[in-house]
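Going line by line, the protein sequences match chains A and B.
Per numbering that gives the first Met the number 0, the very first residue in the first sequence carries number 0; after that it's consecutive.
Per numbering that gives the first Met the number 0, the very first residue in the second sequence carries number 0; after that it's consecutive.
In case anyone wonders, no lab produced these hints; they're calculated from the structure.
All C-beta atoms in this analysis are idealised placements derived from N, C-alpha and C, irrespective of residue type, glycine included.
Among the hints, a few may not be true.
Cβ-to-Cβ under 7 Å is the rule here; a few derived chain B residues that face chain A [what the hints assert, rightly or not]:
(1) Pro10
(2) Glu13
(3) Ala59
(4) Val302
(5) Ala353
(6) Arg484
(7) Thr488
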Amino acid sequence: MDDAQLEDRVHECGQRLAAGLGSADASGLRHPLAIGERRMMRSLIADPRLRAALFRFVDVRPACQSRTELVRHLSEFLEEAGAGSENARRLARLTSRRGLTLPTAGAAGLGVASMAHRFIAGEDAQAAASELTSLWEQGRCVTLDLLGEATLTEPEGERYAQRCTQTLRALGQMSAGWAPNQLLEHDGLGPLPRANLSVKVSALTPHLRANAPERALSAARDRLLELLRLARDLGAHLHVDMESLDTRESITELFLELLALDEFADGPSAGIVLQAYLTDSEEQLELLLGWLEQHPRGAPFTIRLVKGAYWDHEVVLAAQHGWRAPVFTDRRSCDRHYEHLTRRLLDARAGGLALRPAIASHNLRSLAHAIAYSDALGLAPDALELQVLRGLGDDTAAAIAAYGRRVRVYCPVGDLVAGMAYLVRRLLENTSNDSFLAAQTTGADINLLLERP
Amino acid sequence: MSTENTFRNEPALEFRREPVRAQALRALAELRTKLPLRIGAANGAAAGGELLSYNPANPAELIAVAPAGTAADARAALVRADSAFESWSALDAGTRAATLQRAAGLLRERRLELTALEVLEAGKPWPEADADVCEAIDFLEYYALGALALDRGRLLPQLPGERNTLRYYPRGPHAVIAPWNFPMAIPAGMVSAALVTGNTVVFKPAEQTPACGHALVQALHSAGVPEDALVLLTGADEPARELVAHPLVHGIAFTGSCAAGQHIIHAAAQAQPGQRHVKRVIAEMGGKNCIIVDADADLDDAVPAIIKSAFGFAGQKCSAAARVLVCEQIADALNERLAGAIRALRVGPAEDFASDLATVIDAEALARINAFLDGAEHEPRVQADIPVGTGGHYVPPTLFVDLPPSSRIVREEVFGPVLSCERVASVEAAVRIVREGDFGLTGGLFSRSPQTIEYVSRLGIVGNLYVNREITGAMVGRHPFGGGRLSGTGPKAGGPDYLLTFVEARSVSENTVRHGLVI
Ligand SMILES: Cc1cc2nc3c(=O)[nH]c(=O)nc-3n(C[C@H](O)[C@H](O)[C@H](O)COP(=O)(O)OP(=O)(O)OC[C@H]3O[C@@H](n4cnc5c(N)ncnc54)[C@H](O)[C@@H]3O)c2cc1C
Chain A
0 MDDAQLEDRV HECGQRLAAG LGSADASGLR HPLAIGERRM MRSLIADPRL
50 RAALFRFVDV RPACQSRTEL VRHLSEFLEE AGAGSENARR LARLTSRRGL
100 TLPTAGAAGL GVASMAHRFI AGEDAQAAAS ELTSLWEQGR CVTLDLLGEA
150 TLTEPEGERY AQRCTQTLRA LGQMSAGWAP NQLLEHDGLG PLPRANLSVK
200 VSALTPHLRA NAPERALSAA RDRLLELLRL ARDLGAHLHV DMESLDTRES
250 ITELFLELLA LDEFADGPSA GIVLQAYLTD SEEQLELLLG WLEQHPRGAP
300 FTIRLVKGAY WDHEVVLAAQ HGWRAPVFTD RRSCDRHYEH LTRRLLDARA
350 GGLALRPAIA SHNLRSLAHA IAYSDALGLA PDALELQVLR GLGDDTAAAI
400 AAYGRRVRVY CPVGDLVAGM AYLVRRLLEN TSNDSFLAAQ TTGADINLLL
450 ERP
Chain B
0 MSTENTFRNE PALEFRREPV RAQALRALAE LRTKLPLRIG AANGAAAGGE
50 LLSYNPANPA ELIAVAPAGT AADARAALVR ADSAFESWSA LDAGTRAATL
100 QRAAGLLRER RLELTALEVL EAGKPWPEAD ADVCEAIDFL EYYALGALAL
150 DRGRLLPQLP GERNTLRYYP RGPHAVIAPW NFPMAIPAGM VSAALVTGNT
200 VVFKPAEQTP ACGHALVQAL HSAGVPEDAL VLLTGADEPA RELVAHPLVH
250 GIAFTGSCAA GQHIIHAAAQ AQPGQRHVKR VIAEMGGKNC IIVDADADLD
300 DAVPAIIKSA FGFAGQKCSA AARVLVCEQI ADALNERLAG AIRALRVGPA
350 EDFASDLATV IDAEALARIN AFLDGAEHEP RVQADIPVGT GGHYVPPTLF
400 VDLPPSSRIV REEVFGPVLS CERVASVEAA VRIVREGDFG LTGGLFSRSP
450 QTIEYVSRLG IVGNLYVNRE ITGAMVGRHP FGGGRLSGTG PKAGGPDYLL
500 TFVEARSVSE NTVRHGLVI
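With the sequences and hints as input, model every part of the structure.
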């Protein structure tokens, strides 16, 4: 298949996915709340000052210990934003009217809580059980992510490890009762675990150091080892997330070193993340593929391809130190590189490597490209997994499931305080000018959205 | 001055990349083969014997041998600097600025070697040693640009028939007395500011870090500063006292302890027979810096920033955090997390990239800080482990919680890895405490309330206030550095006004009316 033919196929897939997004309107947000939310998102995208004010409010919300504190912060943020935003001025007038303050605070507090609930499935796995089960029933599998405060101390690392242990067990128990689903549980390489946990190595230890990756190797080793053993014994999948570049070397080395141990030769199913926004991500992919070739294991290895969630952080950190940014700074190059890495992953799979490519994105173009290329290689439909985040990619997940492809929903669980950093990041991402979802929300033409980057 | 637009800070080494770390370690190994460094008797015969510097992590490792300068050496050095003044001051500003920029280039070429030298001689961990070398380069570049701007003079109001000009002139030989904690950057700032404005300099580095001081002088000489316009005077207190008292000295730039600074100010004020000028003193002295933590602060951010501010380079920075003033609503949570974070600190030799903090500078510092710790009657204290049996000058990073306000640890500058955390009723109460302190150098505020941030910022209670970040690591140009009260005389180092202290303004008013006509 040549380039032009592939492009045609990408567009077809994209159109089909877009059609699956929902019926009520083009962007697929159906119920009234979602429409209101969409209106809000639109106004936030158009009004950066108001956006900053509201995000700062969301950020500080869990630290406000009284309603008075809540109102004070909200009105301060709005007042500051008021200099350049008519919307913010209007809202500020509203919150400063005396009699209104308490109800406003209540509404603002509740607003954040309900927004948080959209992204965060519950306090813990148990609380999220019915949600996870219903996702499975709708033909979507899941991976759980445990939100928490930063790990700055050993007891915090220990608590996180315990939460991981409990979550793996809880997932094992609840998923045992799920109805069989061929697409979600098997591919050409064998069975896929139902229980799937995404782990952050930075939460396991306070010893991650950018300049001394070896420190985390010993500090996090035992905890990660225990989790791998448990996942193996339970037949669950253990995935390590990728975080800021400062931690990549530690995370990669530690995880690969442990997986190469004899005791893990046949399990558990495991995986890692590749961040396409890093300009050296192809070298990182080579490193992973090389390792895979040298360490054949009984259980296939998943590589989740993402663009990367720490773009601003990487750019700011580099600028402050005078370094060249380690990430692409142009959206289209980033997207192009993502497609390049998608093809490399699928080629490797087609070449017979025990590799499970997982394409994690909400960008219909990125997803459609993966599907079209996988098909063009003649891979079976179940050879490709697509992944989305809960809250951001709910409609996308529905569309993928309707397309007959395997989709995994990344479901964060945790309490509101712990979830705030996550929530703010997702909201910012969702309303950033550079985001596919923002473009989609503001009603951009689907053909434009599917254009080759 | 319009240096802000063209100046860029020197990029830090990217130690998070393995090849960069490997290069650094190679540079260190290479340097080790040349030890001990022998610093020539540039300041005359070594009548005072030798000055030796050692690796604080291994006092058996001799780093450098330099002459221990005497009062006579100081006098001789000043005579040389005085003799060079006429020709150096006569150069145009562009020539002197270009010389500084060349010196910056030479330091840049030796980046890794110099960083390794700081690691060994000052016991400064890699990232901080590197930051110091960068800052030295920054000062050279920044003041070069600043001197060019200064040379353009200032515009004055003009009336018909009258032409008014204002120009800046160098003053004479300067004494630069530098500390060991920023062994390259601080002297680079003081020396280059004096030189670039046309003054000559006798530079006395700290006795603990003569090799770092020598490296700086070497770069400036190689770049074209005449040997006599910049004279290196290694030694301890004796030559420094002589420099301060000597009538040939026009200005003294000092960074160090509060006691020494006050002594210098006092001594410099006494005019000597034959002295026809008033000495100017720039003194950057101590700090007892506070970080205020508001009830709405994000502890995920505050804790690592406090740890970095208090324990980076084992607290041996005048900008380091010594006290945390936390609003009582979140005090317990903060204390618990701080304690846990301290226990997770790794103390080890500076040359090990895995060390969070290393040694203190010498046995004397060790004894002084330990006396503070031994004397602290109040518990609990939280500490991290330190290496034992190495002979290195290690002090465990230590946290005290809720000490009585009368405690020495709360009141005095420890200049070591010791932090005290006190509860306050409100940010206003914390501000009062900061204002009551003797020092006013740096300070921190963690808050998410725009009004609280604005309130504390406007008060101007410290020279450098850092909001929602660590309170150390001032960058040349971006964070002009220096404080008030007993922290120093000002002006701000690395800021637009610094060079003014090294010059004298002269104005000329010319009558341009001839025969009743304006010409
Ligand atoms: C299931 C799942 C798991 C994930 N796990 C991880 C993980 O472990 N680690 C991680 O880092 N992220 C992870 N992510 C987050 C992911 O990186 C972000 O959701 C993703 O960046 C959004 O990309 P998109 O393809 O959905 O949207 P798009 O709108 O197509 O892309 C947005 C992304 O492009 C990049 N970008 C933005 N601006 C620019 C610019 N100016 N120049 C170049 N690039 C730019 C950024 O990465 C930004 O996030 C995960 C996502 C999913 C769905």
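Evaluation of the provided hints:
no., hint, in the structure
1, Pro10, "3 Å, holds"
2, Glu13, "5 Å, holds"
3, Ala59, "25 Å, violated"
4, Val302, "5 Å, holds"
5, Ala353, "4 Å, holds"
6, Arg484, "30 Å, violated"
7, Thr488, "30 Å, violated"
Hint check: violations occur at hints 3, 6, 7; the rest are consistent with the structure.
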